[in-house]
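Asks: The chain contents come next:
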Amino acid sequence: MAVTAKAIAAPSGTTSAPASKSFSSDFPQLLMGIVLIAMTGLGPSMLGNSYWEHTFQLVNIYVAVAVFQNFLFVDAGQKSFGQGAILGLGAYGFAIAVGLNGLPVIIGLLAGIVAATAGGLLFALPALRVQGFHLGFVTMSAGIVFPQLLVQFDWLTRGINGISVKLPGLTDPLLFGLSPMTLIVTLFPILALLLHFVLRQSPLGRRMRIAAESPEAARSLGIRPGFMRSLAFVIASVGTGISGVLYVPAVGFISPQGFLVDLSFVFFFAVVVGGRGQLLGPIIGIWIIHVLPTIILVQLIDYRLLVYGILTLLVVILFPDGVVGTFESWRRKRSQVGGGERGFRLDRFTDAIRSMVPVTGKPSDVPIIEVRNATKKFGQVVAIEDVDMVVRPGEIHGLVGANGSGKTSLLNVLTGLSRLNSGTYSFNGRDVTRVPADAIAKLGLGRTFQTPRMFPSLSVWDNIRIGLDARDEALEPEFATLAQSLDRDFANDSPALLSHGQRRLVEVVRVVFKQSSILLFDEPAAGLSPEERAEFADLVRLLSRTLGKAIILVEHDLDLVWGIADTITVLETGRVVASGAPAVLAKDPAVQHLFVGGRHA
Amino acid sequence: MLSEIIIIVVRGIAIGSIFSIIAMSFNVVHNATGIFNFAQGNIFILGGFGAYLLANQVGLEIWLPVLILVTLAIGALVALQGWITLLPLHSSVEQDSWLISTVSVSVIIGAVLLLTLGPFPFNVQGPVPGFRLMGSKTPGAYGLAIAAMVAWYLVLRFFLRRTFTGLAISALSQDFDAARAAGLPVRRLQIAAFAISGLVAGSVGFMVAPMVSVSPDAGMRYVLNGFVAAVVGGIGNNTGTLIGGPLVGVIAMLTAYKIGGAYQDLASLLVLVTILMLWPQGLFGRAAARRV
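Keeping their order, the protein sequence lines are chains A and B.
Numbered according to the working numbering, the first sequence terminates at residue 601, and the numbering increases by one at each position without gaps.
Numbered according to the working numbering, the second sequence terminates at residue 292, and the numbering increases by one at each position without gaps.
Note that these hints are calculated values from the structure, not bench results.
Treat the hints with caution; some may be incorrect.
Claimed, not checked - Each computed SDA-like pair below joins lysine to any residue, with the alpha-carbon atoms no more than 20 Å apart:
| hint | chain 1 | residue 1 | chain 2 | residue 2 |
| --- | --- | --- | --- | --- |
| 1 | B | Lys137 | B | Gln281 |
| 2 | B | Lys258 | A | Lys166 |
| 3 | A | Lys333 | A | Ser24 |
| 4 | A | Lys377 | B | Leu72 |
| 5 | B | Lys258 | A | Leu149 |
| 6 | B | Lys258 | A | Lys377 |
| 7 | A | Lys166 | A | Val234 |
Note that the structure is a prediction, hence the values are computed from the model and not measured.
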């Protein structure tokens, strides 16, 4: 086990840093979680107490469900109040196949997983359209309806009589007084926790978290949030379904009463009370929400719901981060590194590009972006009207205009985040007027946002790395070396300590790492110091001249734009009022008023 | 056959009126805070509980003052809930702590009802006499439910459009920061909105108790159907709930008549999913501009 864990920990790059300075505490939490699960799973059997053995088998199954709920809720951002129903589907799938129809256990396992996954996909379907409390209501309703249906379909489920299943082979002691059942029920939540940990370290897990926190940023990195949500529901359902299958031999009997909506609340509350997004959270949460009332209040079983409710309410108000989360944020505050002098700068980036061989040869004549007669309205409000714009490969194209002139609306159209009402948009000669943002991103477009999309749950390096995750091609060797040095220096830095300007630069570096032939920067220089501004101008020039990337620069700093752009388009109330070379435009009367006080006289 | 249909439709509209009222009480809080109070169903049941404890089988002269008393008590309770819910929300409503705190308040109310009443539903007698509809005896509460829906709709409409406090609460739904900048006491108005939602749901829970099976787990049914009514009508739109509620009610009654009473919640869930998949803004909602 230790060998596997170490092998997994290695890529996170924490090997050299002392543990207390690490940005994420996922790894120590994973170890603690494994120890806790192993203790509760194996302890009672080793002590030979069969009452506790049964109690804690169920506890460990609930822990596994809560681990998947935690993943679904935080990593994928899906608030499901119906995981109890998914657990029930798994249990009923197995019990109907094995208990009622005498099918082999393996078929029962499959039936349970299939039933749970089907339920999870039903949840995912509305999640494609709606989020937040809508989804909460839909899943809660499903949790309410599920036991009602179990009662109604009594020809299939035996209704309120329930199904009892005995699998004697599983409960005979195998070694050291441990039965196969005990071993399986101990191992499964450990595997679930390990899976959660591994997913978090993987590009897929990072992309899932981005899709959850900022769907626009995700789409601009070529991620389909809907696909990520469905995938998360499938992963969580398979895991919860297996838990449901294990529930059957652990309890020996299932009935609709066992899967009321209250059970779904137990899992949800456990995650919240334990600490949303903390690996250890669901374990501590199940202990507080389920184990404490079951053991301490065993005489007062009726008060259990009241205790759940009050505990959860108190935790939300007093410790919004949950028990583990409160410790974790306290630890993070003390051990936070980064910021200040060590904050993020672009110089090593520009140095790396300088060392590269410039692209040679005449760039293609096909415009990388060509927009014709583009109009975009929001209701009665015209955001852009009849706009023509052409950007050629390698060109630096400035987009200027007052606030509300339609610059960001135009960027959103180019990114594919909003769709034109009329007109055409082609990318590299291909019509993409009706192509969604993630597909345009894959064609080679990258962008930054006016408010930088930083992900506080990821370290500074991981915030950059999500750009690399979006690549299919290998990195240039110079960039690969650079990536290694960034990994070394920023793997444990907290984005919370970056200044606003530095956050912009992190986002810029993220999209530069993304495979792209054109980059859209939305007010990148706002909040930068003069030196940072100069470095940024340098970077843009190098990206264009050395790497041959086209750049669209939306910016209020006209000195910066006039200093580096090849072409400038001026927007006013959604229309193009002038477009051309900077020197020519500076003399254009339509543009003159942009320069207050005649800076460019 | 025709008379059966008429009875089903009238009863459906009456039950739907309750859903519509719960949807309105959702909307008041949602417009002012962005919060959806998951406990609204149990708050409604709490009104029925008041009717059972204090005003069962009494004349109108006792029933009416107790109604006002229970309504005010529930209003105060929900104001307290609102205060607690809003506590952790210093900066923005985007945090999801309210989702959890309102669900846990719902669980707490349900648990308290379970501890004081036991799990079985109980009957409440109202002071309003029943009437005959197409030859079938109909409890007076059905008429009362429809009347309460119309009355609360008009009161809320007047309050939100004609009074200063109401206008201020309506302004919150447009822009919190602008409202704060304009000097409105945002937090106090939001708590007022919670209180109003309590008055609406609590009073109606009391009035229609005879047609509701008042039990600790009944609240779930009403919170679900109230939400479906709000979604069908377009969230935030009280006029939409006048159609949304009765529509959901009639569908529930038809389901009970044609397929079986146990499938009513399933029918509501299917309506909910269908509306969300096809018209996420509801049938009468306004399309919101996207924010990037």
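Asks: CA of A:Lys166 to CA of A:Val234, is that 20 Å or under?
Replies: Violated, at roughly 29 Å.
Asks: Are the Cα atoms of B:Lys258 and A:Lys166 separated by 20 Å or less?
Replies: The given pair, whose Cα atoms are some 39 Å apart, is violated under the 20 Å limit.
Asks: Sort out whether B:Gln281 lies within 20 Å of B:Lys137, counting only the CA atoms.
Replies: violated, 39 Å
Asks: Against the 20 Å threshold, does the CA-CA distance of A:Lys377 and B:Leu72 hold or violate the hint?
Replies: Answer violated: A:Lys377 to B:Leu72 is near 47 Å, above 20 Å.
Asks: B:Lys258 and A:Leu149: Cα distance at most 20 Å?
Replies: With a Cα-Cα distance of about 17 Å, the restraint between B:Lys258 and A:Leu149 holds, given a limit of 20 Å.
Asks: Given the hint that A:Lys333 pairs with A:Ser24, does the C-alpha gap stay at or below 20 Å?
Replies: Holds. A:Lys333 to A:Ser24 sits at ~12 Å (cutoff 20 Å).
Asks: Decide if the proposed pair is consistent with the structure: B:Lys258 and A:Lys377, CA atoms, cutoff 20 Å inclusive.
Replies: This hinted pair is violated, its Cα atoms lying about 47 Å apart.
Hints 1, 2, 4, 6, 7 from the list above are not met by this structure, while the remaining hints are.
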